[in-house]
Structure formats: structure tokens, C-alpha cells
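Between the sequences and the hints, there should be enough to build the whole structure, so can you do that?
Residue numbers (this note's numbering): 326 to 551.
Derived by calculation from the structure, the hints in this document are not laboratory data.
Just so you know, not all the hints are guaranteed correct.
Cut-off 27 angstroms, straight-line C-alpha distance, at most; resulting in silico cross-link-like pairs (DSS-like, lysine-lysine) [claimed, not checked]:
#1 Lys411 to Lys426
#2 Lys441 to Lys548
#3 Lys548 to Lys532
#4 Lys411 to Lys441
#5 Lys501 to Lys523
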Amino acid sequence: MQTINIEDYVNELIKRLRLKFADRLIYVGLQGSFRRGEANENSDIDIMVTLDRLSVADLDSYRDVIAGIPCFDRSCGFISGQEELKHWQPYEICQLLHETKDYYGELRPLLPSFGKDDVRSYIGISIGNLYHMLCHGRIHAGPEQRAEALLSLYKAVSYILQNSYYLRSGEWIMTKAELLPLLHGLDREVLQMAMTMKSNSEYDAEKAYAILFDWCRQFFHDKATE
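Following this line, the structure appears as C-alpha cells:
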């Protein structure tokens with residue numbers, strides 16, 4: 326797997342995007358594990374790009390640009406038009422704003438405002454989706470499919486816990502390693518399992534499933550007693 330200097334990669338991408346889109350390029354940012362300093366040799370390169378407007382032809386042009394840079398098979402991220410971003414769902418804005426590092430332009434003025442109720446919505450919607458997928462997969466998927474799905478589902482855990490801690494404290498904690506000692510109980514247990522799975526260490530898949538299931542279920546039980 327090719328080693329990536331993420332700063333060189335983003336700078337080269339910006340140069341090529343400016344050549345392709347000129348003053349239509351509004352914003353470029355970095356997200357994901359490279360943004361958090363948690364990337365490994367298998368990590369995707371999560372780039373956020375905003376154009377003044379976005380067409381199907383623009384999507385094809387963007388694909389051509391990133392295909393001309395090494396590691397196209399690891400390229401990922403989020404591209405949008407400026408107007409779409411302006412009216413994005415508020416419950417996703419807290420995560421988007423804190424997760425993204427500005428490289429070209431500034432993200433905050435491009436986004437709608439958000440409040441605590443929006444962060445609560447993000448947490449509730451995300452955990453509800455996890456709970457549904459855990460139940461559905463247990464019934465309808467085979468063992469191999471369930472194992473692959475579990476890895477994917479655990480990726481959402483740190484995002485939910487980041488938002489939850491931010492809601493309680495007003496402080497955004499960027500990395501899992503920084504967040505872990507601030508948590509207790511099932512929150513800490515589920516994040517520790519997410520970190521174990523991310524590091525490709527051995528783990529008990531049944532235990533991992535049970536931890537995530539119990540964590541999701543506990544969220545709804547806690548809501549019932551509020």
C-alpha cells in the first residue's frame with residue numbers, strides 16, 4: 326500500500342481543481358482519519374469539495390481530476406454545490422464543522438446554523454440507524470456479512486460519542502485516544518472496542534455485537550427515564 330503525505334496530496338489536489346474549475350471552486354477541506362491523525366495504510370482519503378454549483382458533468386470532471394492523482398482507489402469524501410450546502414440538514418452541521426479542516430476557503434460561512442437540539446437529533450438518528458441495522462443483520466445476514474457490517478457500524482460510534490460529549494461539555498474532542506479517558510461505563514466500553522477493531526487487533530465478534538447492541542438499547546432506555 327502506497328504511503329501518503331496528506332499535505333502534499335491536498336495541495337496537489339487544490340492546484341488541479343483550480344486549473345479545472347477556476348473561480349468556481351469555493352472550498353476544499355480534509356475529513357476522516359487523516360484529519361484526526363489516526364490514518365493507517367488502509368485509510369480512505371476523505372476530501373470535502375464545494376463548487377459554486379454542481380452538475381453531473383462536474384462530477385465526471387472531479388472524478389477525472391482525482392483519478393490523475395495517486396491513490397485514486399482510496400479517494401473518498403463529499404462534494405456539493407454551494408446552494409445545497411447552505412440548506413443542509415442542521416442536525417449534521419456540528420459533526421461536519423468540527424470534522425473538517427479548512428485548506429481552501431472557509432467552511433463555517435457556507436453552512437447553516439445549528440443548536441443543541443440539532444446535536445441531540447444527530448445522536449438519536451444515528452443510534453436509531455445503528456440499532457435497526459444490528460437487528461436486521463442478525464436476522465437476515467450470514468456470519469461473514471454480519472462481521473463485515475459490524476466493522477462498518479462501529480465506525481459511527483466515535484462520531485456519536487463526540488457529539489454526545491460536546492452536548493454535555495461544549496468541548497469537541499477530536500481523537501478517540503483523547504476521548505476514551507473522558508468516558509465511563511458502556512460509552513467507554515463501546516469506544517474501546519471500536520479502537521480495537523480499527524487497529525486490526527483480534528476481538529470476539531459476538532462480544533463486539535453484544536456491546537454495541539446493549540449500548541444502543543441503553544440510549545433508548547435512558548430517554549424513557551428523562
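Against the structure, the hints:
1. For the hint linking Lys411 to Lys426, the alpha-carbon distance of about 18 angstroms falls within 27 angstroms, and the restraint holds.
2. With a C-alpha separation of about 16 angstroms, the suggested pair Lys441 and Lys548 falls inside the 27 angstroms cut-off, and the hint holds.
3. Simply put, Lys548 and Lys532 have alpha-carbon atoms about 24 angstroms apart, close enough for the 27 angstroms limit, and the pair holds.
4. For a cut-off of 27 angstroms, the pair hint linking Lys411 to Lys441 stands: about 19 angstroms separates their Cα positions.
5. With a C-alpha separation of about 11 angstroms, the suggested pairing of Lys501 with Lys523 holds against the 27 angstroms cut-off.
Violated hints for the displayed structure: none, as all numbered hints are satisfied.
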